[in-house]
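Q: Read off the chains here:
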Amino acid sequence: MSDREGKPTYYYAAGKKVLLKPVNGLFAVDDDEIASRLPVAEHIAQIRKVTQKLRGRLALVRPADLTGAALDALRERRAARPVYEAEGALIIPLPEVRIEDDDQGKLDDVRSWLRKHAHLAEITRDAARRIQVRPVSNDPVDALEIANRLTEEVGPAMAQTRFIRRVKSF
Amino acid sequence: MAGLKFYSHGKLQSFRASTLGALAKRAFASRGRRGRGAGAAVAAPKVLKALARQKSRLASRFNEFNEETVRLMPTEAQAEHGMASAIIPTETVIIEGAGTSELKWLRENHGLNVIHEGRSGKLLLRASEGGDEGLKRVFAASTECFERGNVAAVHPNFLRMVSHPNPSAADRTVQPWHVDNDGSTGVVGADVHARAAWTISRGDPGIRIAVLDEGVDSRHPQLRRSVVAEYDAVDENPTSRPDGDDAHGTACAGIICSSALRYPGLASKCSLVGVRIAKSDNEGHWIFDDFSTADAIDWSWEEAKADVLSNSWGGGPAVDVITNAFERARTQGRDGKGSVLVIAAGNNQGPVAYPGSLPDVLTVGASNQWDERKTKTSDDNETWWGSNFGAALDLMAPGVKISTTDISGSSGYSTTQFTDTFNGTSSATPMVAACAGLILSVRPDLQETQVRKLITDTADHLTQTGKWNKFVGHGRLNCYAALRAAKQMQA
Numbered sequence: 005m006s007d008r009e010g011k012p013t014y015y016y017a018a019g020k021k022v023l024l025k026p027v028n029g030l031f032a033v034d035d036d037e038i039a040s041r042l043p044v045a046e047h048i049a050q051i052r053k054v055t056q057k058l059r060g061r062l063a064l065v066r067p068a069d070l071t072g073a074a075l076d077a078l079r080e081r082r083a084a085r086p087v088y089e090a091e092g093a094l095i096i097p098l099p100e101v102r103i104e105d106d107d108q109g110k111l112d113d114v115r116s117w118l119r120k121h122a123h124l125a126e127i128t129r130d131a132a133r134r135i136q137v138r139p140v141s142n143d144p145v146d147a148l149e150i151a152n153r154l155t156e157e158v159g160p161a162m163a164q165t166r167f168i169r170r171v172k173s174f
Numbered sequence: 003m004a005g006l007k008f009y010s011h012g013k014l015q016s017f018r019a020s021t022l023g024a025l026a027k028r029a030f031a032s033r034g035r036r037g038r039g040a041g042a043a044v045a046a047p048k049v050l051k052a053l054a055r056q057k058s059r060l061a062s063r064f065n066e067f068n069e070e071t072v073r074l075m076p077t078e079a080q081a082e083h084g085m086a087s088a089i090i091p092t093e094t095v096i097i098e099g100a101g102t103s104e105l106k107w108l109r110e111n112h113g114l115n116v117i118h119e120g121r122s123g124k125l126l127l128r129a130s131e132g133g134d135e136g137l138k139r140v141f142a143a144s145t146e147c148f149e150r151g152n153v154a155a156v157h158p159n160f161l162r163m164v165s166h167p168n169p170s171a172a173d174r175t176v177q178p179w180h181v182d183n184d185g186s187t188g189v190v191g192a193d194v195h196a197r198a199a200w201t202i203s204r205g206d207p208g209i210r211i212a213v214l215d216e217g218v219d220s221r222h223p224q225l226r227r228s229v230v231a232e233y234d235a236v237d238e239n240p241t242s243r244p245d246g247d248d249a250h251g252t253a254c255a256g257i258i259c260s261s262a263l264r265y266p267g268l269a270s271k272c273s274l275v276g277v278r279i280a281k282s283d284n285e286g287h288w289i290f291d292d293f294s295t296a297d298a299i300d301w302s303w304e305e306a307k308a309d310v311l312s313n314s315w316g317g318g319p320a321v322d323v324i325t326n327a328f329e330r331a332r333t334q335g336r337d338g339k340g341s342v343l344v345i346a347a348g349n350n351q352g353p354v355a356y357p358g359s360l361p362d363v364l365t366v367g368a369s370n371q372w373d374e375r376k377t378k379t380s381d382d383n384e385t386w387w388g389s390n391f392g393a394a395l396d397l398m399a400p401g402v403k404i405s406t407t408d409i410s411g412s413s414g415y416s417t418t419q420f421t422d423t424f425n426g427t428s429s430a431t432p433m434v435a436a437c438a439g440l441i442l443s444v445r446p447d448l449q450e451t452q453v454r455k456l457i458t459d460t461a462d463h464l465t466q467t468g469k470w471n472k473f474v475g476h477g478r479l480n481c482y483a484a485l486r487a488a489k490q491m492q493a
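So the sequence lines, in the order shown, correspond to chains Y and U.
Quick note: the first sequence uses this note's numbering, first residue 5, plus one each step.
Quick note: the second sequence uses this note's numbering, first residue 3, plus one each step.
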């Protein structure tokens, strides 16, 4: 996957690449994920103590606030989600991609691509002008990759990863 | 002081004035008598007080500025309707279309020098003497210059004090400055001309204005009657009411729809759609879910049938999912006539923030009580923020210390249900949204492109050239002019 291979992380907006800069001093956690993936209750409690709530069960964590063991557990169990920065906002991708196009032929092309890449993504919703997919891995970085590949290889009007954004309030 | 003459509409007029000190003495002497004393129209102390409040702005109009030198001609026109007025001659002359030779003549023969360049070739010249000598000089110079026939217009520069019509008992309130700036702070008329606009319309309940924000207190006593639909894209609650101290959306909504006399919404008869799309992290940030925000935009135009979407939020990079939802609202809303999209420029004195950077929306910056672009160094002394700017900026609207509704209790901007300190392009944006709502109230047939054009074309210019620029856009919102133009527009 893109940033794991040292390549720049990006997404498409209005047909142009928008670069996402990884924020090293932060990551995001999903409370359900840490509860189900981390075996040591003490680690879960410690993480919950230092999280800053974002939305729903999603929260931000500073690695510096955790002990080495809790941090290692999060990373080993792949429960630490990446956080990016772009244009002054924190961007947290979620494992969900939305594809939109008014052209049914183009959406059929998307469905065909998804069938060929069933090991990567599965359709969770298929409506008239919109298809929603989820990475099989449930990894948000894979969601970015799926959206980018759909844009580059199929070219629907929109293939967008779901983002939570934190911005300075007006 | 008699014998002063000047030309008005090509005819020579006489002007008779007294000093403020003399007027005060005369008013005192006539107390107890039922007479036609000068004080019957305007009391001298009241004039002095009003002038003193604007001393810094008016200082350039006088060499000396005190009750012994400033003269005043009281008028009693329409006094029975509470329209007492007074005319105060200054030591300045307004001249239009003057060439350098005429300016040289005025300087050499009357000692008048240019002190200010206005728009469309207007110049303000001041006499070198103060007091009565200065006034005599101004009137003589104006008359002689007019008779020479080398300029388009020339006359002494008067200050006019016109009191407002007597309010009814129910309306005995001070209007917030963005509604009616009386110059107590800032410049007279640096407002959205709401009172004049309301002579045309206060809105139609059939027109729905959606406020997409961190929630709207739909139980607020001055908002609840306006609320016709609600949506919560954050917690999926059945209402759009905010969490904790999230007061921003309630303040935005009040600017549009408040029914309070002291805190009047600009389009108080329009209907309100509350849409909660963000929540605060209590550390000065908003948390958005882009997909939910896009769904909320779609819900606003598609389900709630919003005619106008007011968006006092933004920041971070563009995403197609939100851009596309806005585009659908703009092209498919209102049965294809398009919902009007109004979006805040942002407050960090930098480039316009997304989604304000989108084309085909009304992107709104903030002006202050002096009709300046709000910057960190503008006259309002709020040094911590400035209005964003750039190619996408369309117009300005008041955005400093705005009076509006607040969430109940101590967790909002104030401890009451109202605030007088709401700031930012966030407060400017709902004013433009309200204006769009008023326009659609009188002209529901208009396309969204026509509404946008009316609002930008009728804005009061804030530049010398009267042209758009990236700092103030087309100028400051003028609701009255927009509404009048809408009514006059051919179907």
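Check the hints yourself; a few may be wrong.
Chain U stretches covered by chain Y per the calculated footprint, using a threshold of three residues with CB under 8 Å from any CB of chain Y [what the hints assert, rightly or not]:
| hint | stretch |
| --- | --- |
| 1 | 225–231 |
| 2 | 303–316 |
Chain U stretches covered by chain Y per the calculated footprint, using a threshold of three residues with CB under 8 Å from any CB of chain Y [unchecked claim]:
| hint | stretch |
| --- | --- |
| 3 | 345–352 |
| 4 | 424–437 |
If you're looking for bench data, these hints aren't it; they were derived computationally from the structure.
Yeah, the Cβ is synthetic: ideal placement off N, Cα and C, and Gly gets one too.
Q: Confirm or reject each hint.
A: Evaluation of the provided hints:
no., hint, result
1, 225–231, "violated (count 0)"
2, 303–316, "holds (count 3)"
3, 345–352, "holds (count 4)"
4, 424–437, "holds (count 3)"
Consistency with the previously given hints fails for number 1 only.
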